[in-house]
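> Chains as they are written, first to last, in the working numbering: chain A, 1 to 348; chain B, 349 to 682; chain C, 683 to 969.
Note that these hints are calculated values from the structure, not bench results.
Some clues are possibly wrong.
Unchecked claim - Ranges of calculated distance between the beta carbons of each label pair, as one might list FRET restraints:
hint	chain 1	residue 1	chain 2	residue 2	range
1	B	TRP600	A	ASN284	23 to 31 Å
2	B	ASN432	C	LEU891	26 to 34 Å
3	C	ASP709	B	ASN432	27 to 35 Å
4	C	ASP709	B	GLY548	50 to 58 Å
5	A	ASP170	B	LEU497	50 to 58 Å
6	C	CYS772	B	VAL416	26 to 34 Å
7	B	GLU364	A	SER193	21 to 29 Å
8	C	GLY879	B	LYS417	48 to 56 Å
9	A	ASP170	B	HIS570	49 to 57 Å
10	A	PRO80	B	HIS570	32 to 40 Å
11	A	LYS227	B	GLN446	37 to 45 Å
Unchecked claim - Covered, in the sense of this in silico footprint (three residues per stretch, anywhere, with C-beta under 8 Å from a C-beta of chain A), are these stretches of chain C:
hint	stretch
12	792 to 800
13	955 to 969
All C-beta atoms in this analysis are idealised placements derived from N, C-alpha and C, irrespective of residue type, glycine included.
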Amino acid sequence: MYVLPLSQLDALFETIGSRGPLYIPVDNNSGKADFKRWENGVQMSKALKTVRSAKDFFFPKTENLVNFKMNGRKIEVEDPRKELEDFVVFGVRACDAASFAIVDDVYINMKPVDTYYKNRREHGTVVTLACTDPAQTCFCKLYDIDAADPKGDVSAWMADGNVYLQPNTDKGNRLIDSVKSLLKESDSKVVESQQNVTREKISNLPFVKLDLTKYSGENMLKIFNSKVWDSLSEACLGCGTCTYVCPTCMCFDVRSFDTGDGIKQFRCWDSCMYSDFTKMAAANPRLTQKERFRQRFMHKLVYYPMDHKGVKSCVGCGRCLESCPIHMNIVKVIKTIDETPDQPEGAK
Amino acid sequence: MQDNKISSQLVSRAKELLSSGKVQLVIGWRKGLFDYDVTPSLFTTAEDIENNFVYNEWCGANLSKYLVKETRKIETAKDTVRMNNKMAKMKDPNAAEQPEPQAKILVFLKPCDTYSFTELLKEHRINRDDVYAVGIPCDGMKDPEKKELSERCTVCKSKKHVTYDELIGEDGSVQDSNRFDMVEKIEAMSPDERFAFWQGELSRCIRCNACRNVCPACTCEHCIFDNPDSGAAQKVAADDFEESMFHIIRAWHVAGRCTDCGECSRVCPQNIPLHLLNRKFIKDINELYGPYMAGSDMETKPPMLTWTKDDANPGVVNTRDTAGATQCNCNGGR
Amino acid sequence: MKRPTNPKEQNNMEKDALIPYIGVITDIRQETGDVKTFRVVGRDGKKLFEHIPGQCAIIEVPGVGESMISITSSPTIPDYQEFSIKKCGCVTTWLHSVEPGQEIAVRGPLGNGFPVETSFKGKNLLFVAGGIGLAPLHSVINYVRAHREKYGKVMIVYGSRSKQDLVTYKEISEEWMKEKDFNVCLTIDKAQPDWDGHVGFVPTYVKELNPDPSYTVIMCGPPILIHLTLAGLKELGFKDTQVFTTMEMRMKCGIGKCGRCNIGDKYVCKDGPVFSFDQLGELPPEY
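Next comes chain A alone, as it looks inside the complex (with noise of 0.2 Å):
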């Protein structure tokens, strides 16, 4: 493990910046967090997350896939990316850093690889940051998150006056060689001291707790079928903030653009709670919101996990409880499954 002071934190972004992009926490004219690239005399934030997660790094809002440009009965193509720069995000939770697995199992292991997304990952260098002062809002722990230990290239840790870090790959490895001249050694005392607090008090957050052991594949139908999904649903107003604000949700549209001059195939973010996102030319086989907003939540307790081994498609940031605009979120969906008689047992 390695440790600088704080007040050397401006130096070490000075370093890092100085070789490529760097990204980090600043607060907006709302007085909210965002991700913006570092310069100098910019401040890291000290809110607990962004509003938007760090997946904008890899599966950013807009991305341009390819150009075609027609001429006359012919068509060229051009793959229009650049090489990438390396990039470093720092200070990213451990709850956006564990959705990265989430979305790679999709976007990368499951073949055929998407090769914008995988591209951005292998140059993106990312340095967690611990959580010391989680949120009620909070939940990572429930499916194993620990906001003490952050995942990452390089985890960090700002205790006592000084930053901790330490790396965890060969990406990480790179980075701390990079400014290692501003650090120094340090055992890992002070850390797990830090650590040991910070665990403690998200063992007291409401929602640690929570049964999610009925959501799995035999029971598919029978929460598809439940009634509740009326109540849940009748305040949604469809549109896309709890899906643009989650880690974890990743469906996109393809769309083009003409530009006068070609056209500009590209994809951009797409909620399934949007009322296009099945309509066919001949019926569309989710009319309403409650099928929509149904499938939101099937799909992030249930379906994913069919595929991918258990793992739920939710890591417990609490974004959607603190942005959507009724204040409906996957909590409260989770709690009135388990509140409803009907519903299937969990194993107990």
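Since the structure of chain A is already known, use the hints to place chains B and C on it.
Same frame as chain A, but now just chains B and C:
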């Protein structure tokens, strides 16, 4: 005062109206996991209301828009029965007529919500007979993140309930608010400063459409942004240009109908102060066509839908803006 | 088989599945009033890629749109691939207006295809199709013909609105009907003077023909045809595990990532579009 006393008054009145059969459905706010995450909800039983209904300082959600969908359901049910009766009568003139299902919805409306309600009635989006509106008092709603009074409540325009069947608590009056202060501040900026301000704000937009979906003025059956043939979509476009255009287009579409309820800014996950765009329109309409507040009564003809010979000519905006104001360097785009 | 690269090799980025091949339409045949068959090869004159019967491709017309279309030719044809396409939307209308020599963008092969080398091997096969639904089955039928000895008896029940709407009628009457142990039963909805074959809807015809439950059934057509035929087959003793269909769902990426075609734990573009009815029975009824 939205303290416990008022909340329990609402609860007992709702239970009363439900049990007496005067209403069949109640739209109100449901308790959440904490005190601040109340959800707009339908209640159909007295028990549910007793256990889960709440009215507190976190009930910012404007319930009037839900009436569009709910009254439509009632009217469709009535239409279906009427049609079935007609078809039955065609087969057999002595066929018994099924009674039309009568249903009334009880909705609780804060003063600002009653403006949206009135505007929706004016636009024939809600069937008045299907609604039993109860006006409730409001001392301002809090922002769940900042835990202080929402900006929109600090410049509250009116404590008056415009349309209601019944009032709980006292009625209030139109307030002398300075809600155009921030608008004036932006107007006073140079064009370049103003552009930078809005670029900074609107660049955070993720096209979630929460603002459009919550807005009581946005009730188009088929929104232009949901129409693939329009060239625009309800999601992020190839570049950032459309993020800004979407909000300006939407502000134009609701101009003259926006009741300044402030929901758009409340729901924005990126905290973009969208209501300022709408307030600018309201201010301009006041100046160019005379003071007008959408939803403040059922009679006044909306200025954007009526034309008189004395209406301001299009050129007046250019004259007003160029008189004494600094020119920007865009040269009219040339 | 090595996937052909595009003539304009860009940077050394790994080729992504979302970037299409460029295909050239070399032949267009009018099948019926609103169905044409398009023959497509790469710019090098060879097939764009190999495929399994039942797989599809997304045909993209930049600036117009894109559409998931079944590959109707059998993979046993070495030199080209064909798509039988019905004119019913922007992309298909555009395709119907072009001449041979036109280039299109193609992404494929997509989907799981029919289990021609596994579940179908050695079995008697009953193909049931309506209208343009014959297109995905066309590929399987010709594959079976090319490997005749691997499969048992073949019965084909195919119906359309009228004789003029029977797709690939020439091939059916001149080749399929002459195939060994091929029982081809055509039907049209309403009688017409130049037709002396069966008249009636496909589900009814299937019941009349009374196939025995030794057949593995492959169906494709309008939903109502599928529902009624399946009901009829069940009455005749067929089980869900032996009836296959190819599903239609809104798709975009075609490779199981964008989430649009997700039903239950399956992605129709990747785990389908071919499913047996017992597999469909395990999914939430959202199709």
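> State for each hint whether it applies.
Hints and how they fare:
{"no.": "1", "hint": "B/TRP600 / A/ASN284: 23 to 31 Å", "in the structure": "30 Å, holds"}
{"no.": "2", "hint": "B/ASN432 / C/LEU891: 26 to 34 Å", "in the structure": "41 Å, violated"}
{"no.": "3", "hint": "C/ASP709 / B/ASN432: 27 to 35 Å", "in the structure": "55 Å, violated"}
{"no.": "4", "hint": "C/ASP709 / B/GLY548: 50 to 58 Å", "in the structure": "56 Å, holds"}
{"no.": "5", "hint": "A/ASP170 / B/LEU497: 50 to 58 Å", "in the structure": "52 Å, holds"}
{"no.": "6", "hint": "C/CYS772 / B/VAL416: 26 to 34 Å", "in the structure": "32 Å, holds"}
{"no.": "7", "hint": "B/GLU364 / A/SER193: 21 to 29 Å", "in the structure": "58 Å, violated"}
{"no.": "8", "hint": "C/GLY879 / B/LYS417: 48 to 56 Å", "in the structure": "52 Å, holds"}
{"no.": "9", "hint": "A/ASP170 / B/HIS570: 49 to 57 Å", "in the structure": "53 Å, holds"}
{"no.": "10", "hint": "A/PRO80 / B/HIS570: 32 to 40 Å", "in the structure": "33 Å, holds"}
{"no.": "11", "hint": "A/LYS227 / B/GLN446: 37 to 45 Å", "in the structure": "26 Å, violated"}
{"no.": "12", "hint": "792 to 800", "in the structure": "violated (count 0)"}
{"no.": "13", "hint": "955 to 969", "in the structure": "holds (count 4)"}
Checked against the numbered hints above, the structure breaks hints 2, 3, 7, 11 and 12 and satisfies the rest.
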